[in-house]
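*Asks:* Chain by chain, the residues run as shown.
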Amino acid sequence: MALTLGFIVEKLGGTLLGSAQMSVAAIAPLESASCVDISFLSNPLYVDQLDTTRAGCIIVAEAHRQRASARGACIVCDKPYHYFALLTQLWREQNPVSSESEPLIHPTAFVHPRASVHSSARIGPQCVVEEGAVIGEGTWLKSSVNIGHHCILGSECIVHPGVVIGGDGFGFAPHRGEWVKIEQLGGVRIGNRVEIGSNTCIDRGALGDTVIGDGVKLDNCIQIGHNVQIGEHTAMAAFVGVSGSTKIGAHCTVAGGAGFVGHIEIADRVNIGAKAVITRSIREPGEYGGYYPFDSDSVWKKNAAILRQLTSIREKVKNLMQNGSGEKK
Amino acid sequence: MALTLGFIVEKLGGTLLGSAQMSVAAIAPLESASCVDISFLSNPLYVDQLDTTRAGCIIVAEAHRQRASARGACIVCDKPYHYFALLTQLWREQNPVSSESEPLIHPTAFVHPRASVHSSARIGPQCVVEEGAVIGEGTWLKSSVNIGHHCILGSECIVHPGVVIGGDGFGFAPHRGEWVKIEQLGGVRIGNRVEIGSNTCIDRGALGDTVIGDGVKLDNCIQIGHNVQIGEHTAMAAFVGVSGSTKIGAHCTVAGGAGFVGHIEIADRVNIGAKAVITRSIREPGEYGGYYPFDSDSVWKKNAAILRQLTSIREKVKNLMQNGSGEKK
Amino acid sequence: MALTLGFIVEKLGGTLLGSAQMSVAAIAPLESASCVDISFLSNPLYVDQLDTTRAGCIIVAEAHRQRASARGACIVCDKPYHYFALLTQLWREQNPVSSESEPLIHPTAFVHPRASVHSSARIGPQCVVEEGAVIGEGTWLKSSVNIGHHCILGSECIVHPGVVIGGDGFGFAPHRGEWVKIEQLGGVRIGNRVEIGSNTCIDRGALGDTVIGDGVKLDNCIQIGHNVQIGEHTAMAAFVGVSGSTKIGAHCTVAGGAGFVGHIEIADRVNIGAKAVITRSIREPGEYGGYYPFDSDSVWKKNAAILRQLTSIREKVKNLMQNGSGEKK
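Protein chains in written order, with the working numbering: chain A, 1 to 329; chain B, 1 to 329; chain C, 1 to 329.
Just so you know, the hints here were simulated from the structure itself, not pulled from any lab data.
By construction, the Cβ of each residue, glycine as well, lies at the ideal position given by its N, Cα and C atoms.
Honestly, I wouldn't trust all of these hints.
Here are a few chain B residues that sit away from chain A, every Cβ distance over 12 Å (derived from the structure) [stated by the list, open to error]:
id : residue
1  : Glu-31
2  : Leu-45
3  : Thr-52
4  : Ala-61
5  : His-251
Some chain B residues near chain C, calculated using beta-carbon distances under 8 Å [said to hold, decoys possible]:
id : residue
6  : Gly-256
7  : Tyr-292
8  : Asn-319
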C-alpha cells in the first residue's frame, strides 16, 4: 500500500519540500530506489548518491536540504536514520501482515492454565508457555517460542521463532567421575521492550534469577547462561555466548561470536568486537576486541607456525641486545 | 531391505564384476564392512584396505578394477564417491521411512490459509507456514520448521527441524541511548534444491530480500543476516555467521564457525577455513583462513602473552639492525 | 516450600549442628543468603564469608566445622558442593513444577504410532517423536524437542526445548559444480543419564550411528556431526562443534565455542579451553587450548598487524645472530 508524502510528515514530522499528494510505494536504499520509492541519506559519505539516485523522495538532514530539493521531493529532518526507522514502523502499521489481526493466542499454542498472559499479548503458532510464566502487555511470541515455568517477560517484548527462555542452566557437581545434576531452581526475568532473535537461549538461574534489562536487543543464536545479568539497552549480535553469573553493563554493544567467561563484570558503555574472548572483567568504558586476522592460506599458516616460537624469538632478541650473540651467555 | 548387485547396476550403471544375484544388506565403510555389505573406495590413499576389508562388494574406479575383482565382487565406475552418493539415494528410496508415506501436510502443522504450498510439498509435524509464504514443488519441511510471512522456497528443498526462515533482521537506530526498531519489510527468497540444516536461521531483509541461490547447502546452526546474498552451489558448515548485506559468490565453501562482517563481497570459488573472521571483501578465488593454533596450555599461554609485546620486539629488531643496540638512538 | 534441617539430614546424611526443627525457605549463595536460607561453602578461598553471611544454616566440610558452628546452624559433610547438588534435587522433588504432575505424553506432542516410548517417559508440549524412535525409562523431553526416525535415547535422560536429534548429517558428493546428496542412513544412539541443552543438534550417522555415551552432559547450542562418538561422562559447554566422525574420549571437558575438525581422536580425560580449534588428534590427557587474547582496540590491532610480519622478523633475528646485520648475506 502506497503512502502520500503528506501523510508521512503529518505522522512523523519533518519539513516536506515537494507535493503532499505525491505517493511512494516502498522504502528503498538510494542506489536501488526507483522513482516511486522513498529513500534516505544518513551517512554523509554517500552524499554523492544524491546526484545519481532515482528515488522519488529522499529523507535528508538540514545540511543536504538544497542539494536534495534541487533534484526532487525531499523531507528535511534532524536525524534521517531515526526518521527512517520510524517510517518503517509506520509502513508496517499501514501494511499489517495478517497474523497481526488473528486471534491473540493461536489455537496451536500451548499456554498452561496457571500461566499469566496479558490480554493484549500475542502467542503465536506452536508456542509453549509453561506454568507460572508471565507474559506482559503487548508482548509478542512469534512462533515455536518456549517459555519455561515461572519465567517473566515484561511489556512490549518481541520474541522470534525458536527462542528458548528458561531451559536449565548448565550446572553439575563432579562426583566419582560422574556429574551430579544441580537442579536449577531460579527463573528468568526479562524487562520491557526487549527483542530476542530466532533460536536464542536464555537459561534459568541456578538459585537466583537470570536478568535481562529493559530495552535489551539480542540477535539470533545467542546463549545466555544461568544467573547472567544484562544491563538496560545493551545490544548483542548473533552467536554471542555469556557464561554463568557474568554481569554485563548497560548501553554495551557486543559483536557477533564474542564470548564471555563466567563470573566477570563488564562496565557500562563497553563495546566488544567480533569473536573476542573476554576472559576478565572490564572496568572502563571503551572499545575492546581481538581475533586472529585472516589471510590467504599460504600466508597465515606460515606466520601461525612462528607463533609457537615467540618465546624463543623474544629470548634471542634479548640476548642480542645484551651480548650481541643471540645466545645466552 | 537388501538389494541385488544386478538391481544396483541396472539403476545406477557401472560394470559389475561378480554375480548379479548376489544381494547386499547395507552400505558400510571399507574398514567396518562385513561380507553382506557393499562398500566403496574413493580415496586412493586407502587402496590397501582392499586387501583387508571383508566387504561383499566394492565400488571402485577403473584403476583398481584388477585388485578389487581379485578379492570378490566389485562395481567399476567413473567416480566411486559420486556412485556411492547415488547408491545412498537408491537405498533410501527402496527403504523409505514411514513419514515419507504419510499425509503431505501433517495434522499438527499450521499452514496459514493464505500460504501457498505446492501439492507435492511435504510439511512435517509442528511446522509453521505463515501468510503469503510459498513452498515449491517437492520441497520438504521436516518438523518444527518456521517459515515466516511472504518467504519463498523453491522446489526440491529439504529443511531440517528447528529451522527459522524469515525472522526479523537485527536492525535498530540508536536514539537517545535506546534502540528504535527498524521494521524488517523485506522477505527471504530461497532457490531450488537448497538444503538447510537443523536450527539454522535466515533473517528476512530490511527493505529488499535475503536471497539464497539454487543448490546452496547449509549445515546446522548457521545464521544468515538480513539482505545477505549467497550464490549458487555454495556450501557452509555449522556455526557460520554472515552479517547483514554481505554478498557471497557461487561455488564457495565455508568451514565451520567462520564469520563474515556486514556489507562485504566474496568472489565466486572462494574457500574459507574454520573459524576465520572475514573482515573485508575477497576479490580473488582461492583458499583463505586464520585461527589461533591450539597447543597444550603451558605452551600456548606463554606464547600468547608475548603477542602483546610484538610491537616492542619489532622495534628492538629494527634498532639492532640500525645501530646494534636494540635501543632507539 | 520450606524444609526442616532435620528432614534434610535425614534424606541426605551429614552431621547437623543446630536445631532439627529449624526450617529454611530457600537455598542461596553465602553473599546473598538471608537468615531463612541455607547456603554452602565449597571453595576454601571464600572461607571468610563465614563471618559475614547471614545464612540460617551453612553446609561445610569437617575443616570448617568450628568456625561455622560458632556462628549458627551448620551441616558438616564430606563434600559440600556435592551435598549442595543433592540438596537442589531434594528441593525440586519437594517443590515440583506442575508439568511434572501432568499427563506423561502432552496432548500437543506428536508421537509416531510406531515409535517406542517407555511408560515412564515424559514427552512435553509440541515435541515430535518420529517412527521407530525409542525413548527410554524416565527420560524427559521438555518441549519442542525433535527426535528423528530410529533414534534411540536411553533411560533417565533430560532433553531441553528446541533440541534436534537425528537431523541429516552434512554429506554431499561434488559433481560437475553441484552437490549430490548422500542420504544419511544411520541413526543416533544416546546412552543413559545424558542431559542435552536447549537448541543443541545431534546429526544422524551417514552409514553407522552417531553415539553419545552414558552420563554425557551437553550444554545449549552444541552441534554434533554425523558419526561422532562421545565417551562416557564427557561434558561440553555451549557452542561446541564436533565435525563428522570425530571420536572424543570419556571424562573430557570442552569449554564454550571450541571446535573439532572431522576424523580425529581425542583421548580420555582431555580438557579443552574456550574457543580452541582442535585440528589434530590428541593422544595424551591434559589441558589444551588457544585463542587470540583480547585487549583494548588500540593495543590488539597494532600487535595483530605485526602477526603478518612474523616470518620476516624471525628471518631478521636469524641474520642478526649469524652476521650481525639483519640482512641475508
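*Asks:* Please go over all the hints and tell whether each is borne out by the structure.
*Replies:* Against the structure, the hints:
1. Glu-31: holds (30 Å)
2. Leu-45: holds (21 Å)
3. Thr-52: The claim holds: Thr-52 of chain B sits with its nearest Cβ about 34 Å from chain A, beyond 12 Å.
4. Ala-61: Ala-61 of chain B is indeed farther than 12 Å from all Cβ atoms of chain A, at 28 Å.
5. His-251: At about 17 Å from chain A, His-251 of chain B clears the 12 Å cut-off, so the statement holds.
6. Gly-256: Holds, about 5 Å.
7. Tyr-292: Result: holds, 5 Å to nearest chain C Cβ.
8. Asn-319: violated (10 Å)
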